[in-house]
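Here's the letter readout for the chains.
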Amino acid sequence: MTPSQTIGPFFAHALFQNHHVVPEGAPGAFWIRGRVFDGAGEPVPDAMIETWQEEGFGRCLTDAQGHWGVHTVAPAGCDFIAVSVFARGLLRRLVTRIPMPATDFDIVLQGENETTFYEY
Amino acid sequence: MNTDTKYEPPLLWPAYGSTVLRAPKKTPIRVDPDKVELTGPVFGQDTVGPLDHDLTQGLGGEPLGERIIVHGRVTDGDGRPVPHSLIEIWQTNAAGRYSHDRDQHPAPLDPHFNGVGRCLTDGDGNYRFVTIRPGAYPWRNHHNAWRPAHIHFSLFGRAFVQRLITQMYFPGDPLLPLDPILASIPEQGRPLLVAEFDLNETVPQWALAYRWDIILRSTPTQKPVEKPMEDQ
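Chains as they are written, first to last, in the numbering used here: chain A, 1 to 120; chain B, 1 to 232.
Incorrect hints may have been included.
Said to hold, decoys possible - Quick partial rundown of chain A residues pointing at chain B, CB under 10 Å, derived from the structure:
id : residue
1  : A82
2  : G111
3  : E114
Hints in this document: simulated from the structure, not taken from any laboratory. All C-beta atoms, glycine included, are put in the ideal place defined by N, C-alpha and C.
Isolated chain A (complex conformation) (with noise of 0.2 Å):
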């Protein structure tokens, strides 16, 4: 298989973002927001987190402060919303698992409190 690369840091001009995964008004509706830090306790502010559940396709880029945030609803029929982390340094794409019902998820990449990731 074809093997992975780091997204590097100069990707915000070229990738769109989704935050809507569903409209403002959606019945059920909701903003999952966090920050992103590395092993420093520092934001990392050139990530960017995709989220995917049936309902839909997230994708956002952290802002200066590390912060991102989709809005959308609780998946029908699953309790996690998949997530996808890209950041110059990862040289692999990082997955976790959004347990639901949420409304604040960090990701720790390193450390004492760092995310569960997952491999297939």
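Go by the hints and put chain B onto chain A.
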């Protein structure tokens, strides 16, 4: 996320300094993909403009540099084509500079080139871009560090488990053996990221061509459930 250790880079690779504080230290938990992870977003023709595959058009004039064609085929690990799937690319201009406001490399921007393209693979997994050969550029990873010319590729495949972001390199580039990002991949995997010069697809009097085929991981399902995006 992929653990094909023959070909995949490790997460911690100190020669690429940015991995040191960003690579998770715990081993990821191995799971079977859930059924939702065996599906993925499906992007229709409406998400790709008619000129999105041609990075040399749409900005009011001819960009500077060497015009090239980059094409290939996307298949899965079982050799099945990955049809109608979104590919996004981005790259520097011919001078080695990204159209990104944080890129401080003292090389000129090109008002006729932003280095951003998209396309959908066709029914047989084929893709084709027209672009400008990107330039090498310096970075601060170590003394006198230069990235070899490369094109970033983002592929969705047909399922979440197939999602891939990677980089395509050019054959014969003297910077390839010096690049710690490429070197993070075990040696036998590195050629998979280097395109080949393709005389057959070269257009006489117009553009050289490079071929780069991409292999995504296989999925256990033949036909992932298709779900359109809600908005975009």
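Structure-based check of all given hints:
With its C-beta approaching chain B no nearer than about 5 Å, A82(A) sits inside the 10 Å limit, and its interface hint holds. The interface hint given for G111(A) is met, as the beta carbon of that residue sits about 8 Å from the closest beta carbon of chain B, less than 10 Å. A hinted interface residue such as E114(A) counts as satisfied when its beta carbon comes closer than 10 Å to some beta carbon of chain B; here the least separation is about 6 Å, so the hint holds.
The structure is consistent with each of the numbered hints, conforming to all of them.
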